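When you get a sec, could you build the whole thing from the sequences and use the hints?
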Amino acid sequence: MLGNGVVGISRRVLGALVIGFALSGTALAQQPLKIGFGMSLTGPLAGNGKAALISMQIWAEDVNAKGGLLGRKVELVYYDDQTNPATVPSLYSKLLDVDKVDLVVSGYGTAVIAPAMPLMMQRNMAFMGLFGLNVNSKFKYDRYFQIMPAGPDPAVDWTRGYFEAAMALNPKPGTVALVGADAEYPHLALEGARVHVKRLGLKVVYDKTYPPNTVDYSPIVRAIQATNPDLVYLASYPPDSAGMVRAANEVGLKTRMFGGGLVGPQFAALKTQLGPLLNGVINYEAYAPDINRKFPFLDQFLAKYQGRAVKEGVDPLGFYLPPYAYAMMQVLEQAIKATGGLDQAKLADYMHAYEFDTYVGKVRFARNGEWSVPRMLTVQYHGIGGNDLEQWTKPGHVTVLYPNEYKTGAVKAPYHENKK
Amino acid sequence: MEISTALLLNAIIAGLLLGGFYAAMSVGISISFGMLDVVNIAHPAFIILGSYIAYIVNDRFGFDPIVVSVVVSPLFFLLGMVLYRIYYVCFERRGQESLRGLAFFFGILFITEVALVLIFGVDYRMVSTRYGDVTWRAGAVDFPMRLAVPFLVSMTMVIGVQVFLTRTFFGRAVLAVAQDQLALRLMGVDPVRVKELAFALSIATAGVAGAFLIVIQPVQPAIGREFIGLVFAVCVLGGMGSILGTLLGAFVLGLAESFTSTFFGPSWAPAVSFGLLLATLAFRPSGLLGR
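Quick mapping for you: the protein sequence lines, in order, are chains H and L. Residue 195 in our numbering sits at position 195 of the first sequence; the count goes up by one each step and never skips. Residue 229 in our numbering sits at position 229 of the second sequence; the count goes up by one each step and never skips.
Mixed in with the good hints there might be a few duds.
[Said to hold, decoys possible] Across the chosen pairs, the derived CB separations fall in these ranges:
hint	chain 1	residue 1	chain 2	residue 2	range
1	H	G68	L	G107	46 to 54 Å
2	L	S128	H	K140	43 to 51 Å
3	L	A271	H	F297	31 to 39 Å
4	H	V204	L	I12	54 to 62 Å
5	H	S90	L	G107	21 to 29 Å
6	H	R199	L	S98	42 to 50 Å
7	H	A366	L	W136	49 to 57 Å
8	H	L200	L	A6	44 to 52 Å
9	H	F297	L	I12	32 to 40 Å
If you're looking for bench data, these hints aren't it; they were derived computationally from the structure. A quick note: this is a predicted structure, and the numbers were derived from the prediction, not measured. Cβ atoms here follow ideal geometry from the backbone N, Cα and C, with glycine treated the same way.
Structure follows, in structure tokens:
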């Protein structure tokens, strides 16, 4: 009797447990798959951050419309990092410990990716970065990946196009001025530029940084002009990009090439605000309408993004950061589907081993998590006639100088004679 | 680096033009903080508000941003009156103005920023003016109109404020408030009313300075925070409550920044500027023209 009773109870308990597990399994399946990140929604880089956020939200909507990931709806959990690196560690701690997110990705830019790295390494998280330059050079973290097409040696590859174009000038340049903001990205870009300067045997006649909140840049440009450099390489963030370009025009900077690493002119806001002042400036871009045929994958993204961006009041072009923000999420999506779970080690291993098909084309990562082949374009702006946005959507205003497979022309020098 | 005459002259001109702009941003703080003892940490937020009003009118109707700022300055004046009245009723009258008043202005700063983000978004905004990209050259010396026009209007405004405060009955009443409120009350003048109008004047100058800012550089809602230290530094360097001192302090910091950027390296500019401030306070604690 006792034995039967025990068996009877055991059967009931077992039945309850089975039902309980089934219910909890259903409940787990109904729990959203949380992806956490910080994003610059206020502060100097907020315009870029908000455009990236919209792309990521479009991705989440697309995935959820197809039934989600691993049978779970995707939920983005994000906070405003205020473009302030100091907020980043606590923000990611909250995401992991309080919000219990399943995955994390980075916010926009080098300055907010680097402070998240120690925590990511401590927790062994696979970590996708959104446009951070050479962040992993010091950390050497094997679960870090970067969606920006800077190449396996980011700082050096980042500035290669500018110096390759410069060395194609006849006669070859002999002197260079290096200038940038006192911030993470400009410092790393200038480090890369110094490698090329040394390799090419150029003489550095000016090598200085400035505070990011400088109001008047004309004394800096005059000091550069006083050294009479053949080349001026500038690494800057949006407000100082505008300030330096305007100061170069006001002072009448005479040099053969000016620009290189300006963040800002990739977005509609500075393109339209600076307009003709950008003529002759060398810069980097992720896309140019002149080589549209080589970017067939981008149209699908722009069709989803541009209408939404206009409504939300952010970068209506979407040529630069937004498609890469979407592609970053596509990489994660494909890795999760392929590994069938959220095991961080398996995700990282898969991302190292396989190629991904995204809205920015085929993406394959090098051992350090950077793109295995660089694809950032070095361009020269020209023929910009006014401040309207329309002209930037058509070919004829952006000459691609590098890489050679995308090249549409040679650099027009000197800078001061290309102001039309 | 070889120091040429042209480089030297341009550094002086650039420093003076920059100083003129700094004076416009700081004159309001000199009134509110220096004279009225109101720690209006939200002053830069009103500067940014002025920038956005100038931007929206310029963008929609093409009017010159500085003209717009002068036209709408009475609205800023009214805003200042309302703000001071709230501050007075909630904090000053209760003797809680020190810490809670500071928190109040911090709150105003953040609310203004968030409101601007919600209305205008987070992108950088610039205005288009006929003189924005024009540089007038006198020999080897450049006068970029982007800085020269705000400089001229700023000088008019700052000297106008100085004349108003020293030559009119009301202006003297403001100076009296700064010195002895009780004596003023005994003479039949309401110090609260005087402070209200003086604070309103300080906010009106912030609105005009905002137009200067957006003529000079692109603006986004949170950019005002970068100027909090600067405006208080100019005010303290010049001497608390001295408008001419504020003007002098602004020129000193503008010239220091320009010379450091030109001859030594721009990254040293903040250290040199604030080093000058510390040195001045060490040898003359009341500031350059403070009493």
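Original post:
Taking 54 to 62 Å as the hint, is the beta-carbon distance of H:V204 and L:I12 inside that range?
Top reply: About 28 Å separates the Cβ atoms of H:V204 and L:I12, which means 54 to 62 Å is violated.
**OP:** May I ask you to test the hint 46 to 54 Å on the CB atoms belonging to H:G68 and L:G107?
**Re:** Check failed, 41 Å falls outside 46 to 54 Å.
**OP:** For H:L200 and L:A6, compare the CB-CB distance with the range 44 to 52 Å and indicate the outcome.
**Re:** violated, 31 Å
Original post:
In this structure, is the beta-carbon distance linking H:F297 and L:I12 contained in 32 to 40 Å?
Top reply: Given about 55 Å between the Cβ atoms, the range is violated.
Subject >> Outcome of range test on Cβ distance (H:S90, L:G107; 21 to 29 Å) >> reply: holds, 22 Å
Subject >> Status of the given 49 to 57 Å range, CB of L:W136 versus CB of H:A366 >> reply: holds, 52 Å
Original post:
Do the beta carbons of L:A271 and H:F297 sit within 31 to 39 Å of each other?
Top reply: Given about 49 Å between the Cβ atoms, the range is violated.
**OP:** Could you say whether the range 42 to 50 Å given as a hint is met by the Cβ separation of H:R199 and L:S98?
**Re:** Between H:R199 and L:S98, where Cβ atoms are some 60 Å apart, the hint is violated.
**OP:** Evaluate the given range 43 to 51 Å for the C-beta pair formed by L:S128 and H:K140.
**Re:** holds, 48 Å
In summary, the structure is inconsistent with hints 1, 3, 4, 6, 8, 9 from the numbered list given earlier, while agreeing with the others.
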